[in-house]
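There are 4 protein chains.
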Amino acid sequence: MKIDINCDMGESYGRFRIGNDEEIMPYISSCNIACGMHGGDPSTVIDTIQMASALGKNVGAHPSYPDHIGFGRRSMSLSYKEAFDLVVFQVATLYTLAARAGTKLSHVKVHGALYNDAAKDKDLARPIVDAIKYIDPNLKIFTLPDSEVSAVAEELEMAVVREAFADRRYTEDLSLQSRSIPGAVLEDPEMAADQVLNIVKNQEVETATGMKTRLQADTLCIHGDTPTAVSIARTIYDRLQSEGINIGSW
Amino acid sequence: MKIDINCDMGESYGRFRIGNDEEIMPYISSCNIACGMHGGDPSTVIDTIQMASALGKNVGAHPSYPDHIGFGRRSMSLSYKEAFDLVVFQVATLYTLAARAGTKLSHVKVHGALYNDAAKDKDLARPIVDAIKYIDPNLKIFTLPDSEVSAVAEELEMAVVREAFADRRYTEDLSLQSRSIPGAVLEDPEMAADQVLNIVKNQEVETATGMKTRLQADTLCIHGDTPTAVSIARTIYDRLQSEGINIGSW
Amino acid sequence: MKIDINCDMGESYGRFRIGNDEEIMPYISSCNIACGMHGGDPSTVIDTIQMASALGKNVGAHPSYPDHIGFGRRSMSLSYKEAFDLVVFQVATLYTLAARAGTKLSHVKVHGALYNDAAKDKDLARPIVDAIKYIDPNLKIFTLPDSEVSAVAEELEMAVVREAFADRRYTEDLSLQSRSIPGAVLEDPEMAADQVLNIVKNQEVETATGMKTRLQADTLCIHGDTPTAVSIARTIYDRLQSEGINIGSW
Amino acid sequence: MKIDINCDMGESYGRFRIGNDEEIMPYISSCNIACGMHGGDPSTVIDTIQMASALGKNVGAHPSYPDHIGFGRRSMSLSYKEAFDLVVFQVATLYTLAARAGTKLSHVKVHGALYNDAAKDKDLARPIVDAIKYIDPNLKIFTLPDSEVSAVAEELEMAVVREAFADRRYTEDLSLQSRSIPGAVLEDPEMAADQVLNIVKNQEVETATGMKTRLQADTLCIHGDTPTAVSIARTIYDRLQSEGINIGSW
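Residue numbers (the working numbering), protein chains in the order written: chain A, 1 to 250; chain B, 1 to 250; chain C, 1 to 250; chain D, 1 to 250.
There may be inaccurate statements among the hints.
Computed cross-link-like contacts, BS3-like style, restricted to lysine-lysine with a CA-CA straight-line distance of at most 27 Å [claimed, not checked]:
1. A:Lys104 / D:Lys201
2. C:Lys133 / B:Lys104
3. A:Lys120 / C:Lys120
4. C:Lys133 / C:Lys122
5. D:Lys120 / B:Lys122
6. C:Lys122 / C:Lys81
7. C:Lys2 / C:Lys122
8. A:Lys2 / A:Lys122
9. A:Lys122 / C:Lys104
10. A:Lys133 / A:Lys120
11. A:Lys104 / D:Lys212
12. D:Lys104 / A:Lys133
13. D:Lys122 / D:Lys201
14. B:Lys81 / C:Lys212
15. D:Lys104 / D:Lys2
16. D:Lys2 / B:Lys120
17. A:Lys122 / A:Lys133
18. A:Lys133 / A:Lys104
19. A:Lys81 / D:Lys81
20. B:Lys201 / B:Lys212
21. A:Lys120 / C:Lys122
22. B:Lys120 / B:Lys133
23. B:Lys104 / C:Lys2
24. B:Lys120 / D:Lys120
25. C:Lys81 / C:Lys120
26. A:Lys201 / A:Lys133
27. B:Lys122 / B:Lys81
28. B:Lys133 / B:Lys81
29. D:Lys104 / A:Lys104
30. B:Lys133 / C:Lys104
31. C:Lys81 / A:Lys120
32. D:Lys81 / D:Lys122
33. C:Lys122 / B:Lys104
34. D:Lys120 / B:Lys81
35. C:Lys2 / A:Lys81
36. D:Lys122 / B:Lys120
Label-pair restraints from in silico Cβ distances [claimed, not checked]:
37. D:Ala151 / B:Ser180: 51 to 59 Å
38. B:Lys122 / D:Ala159: 43 to 51 Å
39. C:Leu156 / B:Gly183: 39 to 47 Å
40. C:Tyr80 / A:Asp238: 21 to 29 Å
Treat the hints as calculated values from the structure; they're not laboratory data.
Backbone N, C-alpha and C fix where the C-beta goes; we use that ideal spot for every residue, glycine too.
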């Protein structure tokens, strides 16, 4: 039995530090590394890739809308060409950097609003998947199960890694509960670990209303900027270990 | 007896948070607020000005080289016109915002490398002082005693507020000890308060070599991003209060 | 009889030059000057304001979404607070700069996608009008007749200047014909001047289908980056002069 | 007999157009393509690389200081690590993009102030050459003959392509005459072609004072933003053709 644990990394921007990359990295298997457009200055990106490669983690690209002030969390209207070029450009950078750090870029997980928008909008999913395929048809694409990205990827014969969230409360339709609702983020490490184990062992998740719903995932995301993020990462790691479940690639 | 305590503020950039503005502000008298070019997104700048105004603090502008990744700490070569326009533009923004927040922009302290470069280079000091005077000849200019900025300001009949540092170790020639030397930052709140009281009461500072040197200052700077910054601010405040020294404007 | 002619200006960005500000400015009465977020570096903004003030033109602010690559022409999703602060920050800068250049900021015309989005979306129009009023309730707001911005402005008792376009073809519902359709931009100076005179003298416009439709406007916009922009500006100026119609403020 | 003709390209930034890439490209053999930090939005960079590759031109990277407003023409103080990472990051992007466009990145020419500063400063030349070697030790480095970059490259066994300028007047010490002096830019196509032929055939250049000085070069640069740039490119091309000199790689 095996499950991938991923975390967004390399999002610091010069002296503006964000996340806890060094402390979390030992407990996960896949890093989604910022490409400079919502976070990630050159030094941070390069150092994070080298650290991930040295620890044998999957190195993935985490491209975004170009918006530092909004941290890539504000939707923008893009043409097909703008979206395609934006993703190609960002993934291209990481592709060479991963190779020079002694590994191979393994996957792409688009960031923030671009992730959410593309999941629902086929006209945005299409240039994103085309862009990833243009860089390398062997790149794996992290996305929500049953998303538009997933549908386009299948059509273009690109491999999808279905993602679920370790530390976010789900609603009954399997969308994430709004962060404005108290309890939407599972800050208690044991609760997050319970959710992880439930998804891994039973392919099911307990929603905000207490209902159990089927949920299949190949990778589980930890948010690195939750105040208890390091503790969540370690607790999930320990609980999986003690259940004999390996943390590792899809 | 009276001394001004100042701190750089409003330097956060969207979700990239830096400093401890809310916790420190009660203990100081002057805020130097970022103008968007090294930090300070519109919402942060506006909120910080409104908070400072509501608490009756001096609202100052903190313009910088245009460099977010380097946080304004990397020198850039600028022509007279580039430097003049850069400072005019940034101070202009704060000037209106201070007025709308119910106060009046009181002073300008240029940031980081621009502060240090202008202190030593008359060709850079000149456009900076000209720019501040262009916005309002009543604005006060924070700078090192005996700096080129100070000399130009005197020549142009602009008021100078001589600045010293509460939490940094001085060398014998009254420059700041390099941050790369252990102990260069006074993280111990009592040590910082001792230095403040020595400067305020005796117009002298104890240098890294233990020598006592004369140092006259009208304002003392606390760095908001020292790990112990809040504690330093509070301790200085308490010690000054208990000595009967008022914290307040020049 | 009198009509205001306006043009977006100050949109160059360092060595990236755009528009023909100096050649066009003599023929118009109102300048909408970029504020740095889609174009407009500090030197360009300051120089343009000074030139406009020296020539006795109306100096207005032209705030935008923060997006240089997209030139402010890509919609972004903003919260009320983000939109309010974005406009406040940009207009604040121009407000001081106009005063220092010896004039008074007269109006605000939001730029590009922000202009179009706010015209249709009350939730975006509201923070924009609130922001302009916060800076100065006497500022006039350029917007489309019958837009949401117009409705909100009326509600908040802010003066509206109704804008029409000299050099763009209208459809029957008085929206602008898409630039992708040949002829959508009236590059022929005489055709643009005909449209201007028809609007000014008859309060009507001939649409793409040849229909005449009623259109009332207080200001007419010339686009400075049309290849024939200077010639359009001059021709309109000459034709209005020869008809005895003054070019000047609302 | 053979000479390489190069031009900086892909420096446009969204709607901010600069240069005449399409018209000039047929007449040259090497393109130095912006990497996004002084110019070059993702679409421009990608399109320019594809055009250059389709026409069989050498595709090179043109990394710079991070400064759009200053167009990379203002010096910045960088640490070794900042300079190394800055160049690695930018070249990495072009490296993948060149490969996807069906070619291989052939060379690196650093841009503007970074080019000039590194030519004179070994502490800056070192991280730049290290960075280029880190990406690929087979990349060729464009630099001034006898520069610090040249010396470091030799030490690190990296191939250097010595660059001279077709359209700039030289002083007696073989530096470029300041652009502020009339005639410093050779806008007359025939004069530029004369200079090119003199360098290629006689390894000599006539300086501003009329002296003939020895100058050996492997590539000659045309500036794409000179008003007569297209004509210069074509004239040089024609004159070299008529002399039986091939335009092509070092």
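Taking the hints in turn, this is what the structure says about them:
1. A:Lys104 / D:Lys201: At roughly 47 Å apart (the allowed maximum being 27 Å), Lys201 (chain D) and Lys104 (chain A) break the hint.
2. C:Lys133 / B:Lys104: holds (19 Å)
3. A:Lys120 / C:Lys120: This hinted pair holds, its Cα atoms lying about 23 Å apart.
4. C:Lys133 / C:Lys122: holds (16 Å)
5. D:Lys120 / B:Lys122: With a Cα-Cα distance of about 25 Å, the restraint between Lys120 (chain D) and Lys122 (chain B) holds, given a limit of 27 Å.
6. C:Lys122 / C:Lys81: With a Cα-Cα distance of about 14 Å, the restraint between Lys122 (chain C) and Lys81 (chain C) holds, given a limit of 27 Å.
7. C:Lys2 / C:Lys122: violated (31 Å)
8. A:Lys2 / A:Lys122: It is violated: about 31 Å lies between the C-alpha atoms, which goes past 27 Å.
9. A:Lys122 / C:Lys104: Measuring from Cα to Cα gives roughly 48 Å; hence the hint is violated.
10. A:Lys133 / A:Lys120: holds (20 Å)
11. A:Lys104 / D:Lys212: Since the Cα atoms of Lys104 (chain A) and Lys212 (chain D) sit roughly 53 Å apart, the hinted pair is violated (cutoff 27 Å).
12. D:Lys104 / A:Lys133: Holds - the C-alpha atoms of Lys133 (chain A) and Lys104 (chain D) are around 19 Å apart, at most 27 Å.
13. D:Lys122 / D:Lys201: violated (32 Å)
14. B:Lys81 / C:Lys212: violated (51 Å)
15. D:Lys104 / D:Lys2: holds (21 Å)
16. D:Lys2 / B:Lys120: violated (51 Å)
17. A:Lys122 / A:Lys133: Given pair Lys122 (chain A), Lys133 (chain A) holds - Cα atoms ~16 Å apart, limit 27 Å.
18. A:Lys133 / A:Lys104: holds (15 Å)
19. A:Lys81 / D:Lys81: Not satisfied, since the Cα-Cα distance of roughly 34 Å exceeds 27 Å.
20. B:Lys201 / B:Lys212: holds (13 Å)
21. A:Lys120 / C:Lys122: Judged against 27 Å, a Cα distance of about 25 Å means the pair holds.
22. B:Lys120 / B:Lys133: holds (20 Å)
23. B:Lys104 / C:Lys2: Roughly 39 Å separates the two Cα atoms, so the pair is violated.
24. B:Lys120 / D:Lys120: At roughly 23 Å apart (the allowed maximum being 27 Å), Lys120 (chain D) and Lys120 (chain B) satisfy the hint.
25. C:Lys81 / C:Lys120: Roughly 19 Å separates the two Cα atoms, so the pair holds.
26. A:Lys201 / A:Lys133: violated (32 Å)
27. B:Lys122 / B:Lys81: holds (14 Å)
28. B:Lys133 / B:Lys81: Measuring from Cα to Cα gives roughly 15 Å; hence the hint holds.
29. D:Lys104 / A:Lys104: holds (19 Å)
30. B:Lys133 / C:Lys104: OK: Lys133 (chain B) and Lys104 (chain C) at ~19 Å, within 27 Å.
31. C:Lys81 / A:Lys120: holds (26 Å)
32. D:Lys81 / D:Lys122: holds (14 Å)
33. C:Lys122 / B:Lys104: Cα-Cα ~33 Å, so violated.
34. D:Lys120 / B:Lys81: Roughly 26 Å between the alpha carbons, so the hint for Lys120 (chain D) and Lys81 (chain B) holds.
35. C:Lys2 / A:Lys81: Cα-Cα ~44 Å, so violated.
36. D:Lys122 / B:Lys120: Given that 27 Å is the threshold and the Cα spacing comes to 25 Å, the pair holds.
37. D:Ala151 / B:Ser180: 51 to 59 Å: violated (29 Å)
38. B:Lys122 / D:Ala159: 43 to 51 Å: holds (44 Å)
39. C:Leu156 / B:Gly183: 39 to 47 Å: violated (57 Å)
40. C:Tyr80 / A:Asp238: 21 to 29 Å: This hint is violated: roughly 43 Å between Cβ atoms.
Against the hints set out earlier in the document, violations occur for numbers 1, 7, 8, 9, 11, 13, 14, 16, 19, 23, 26, 33, 35, 37, 39, 40.
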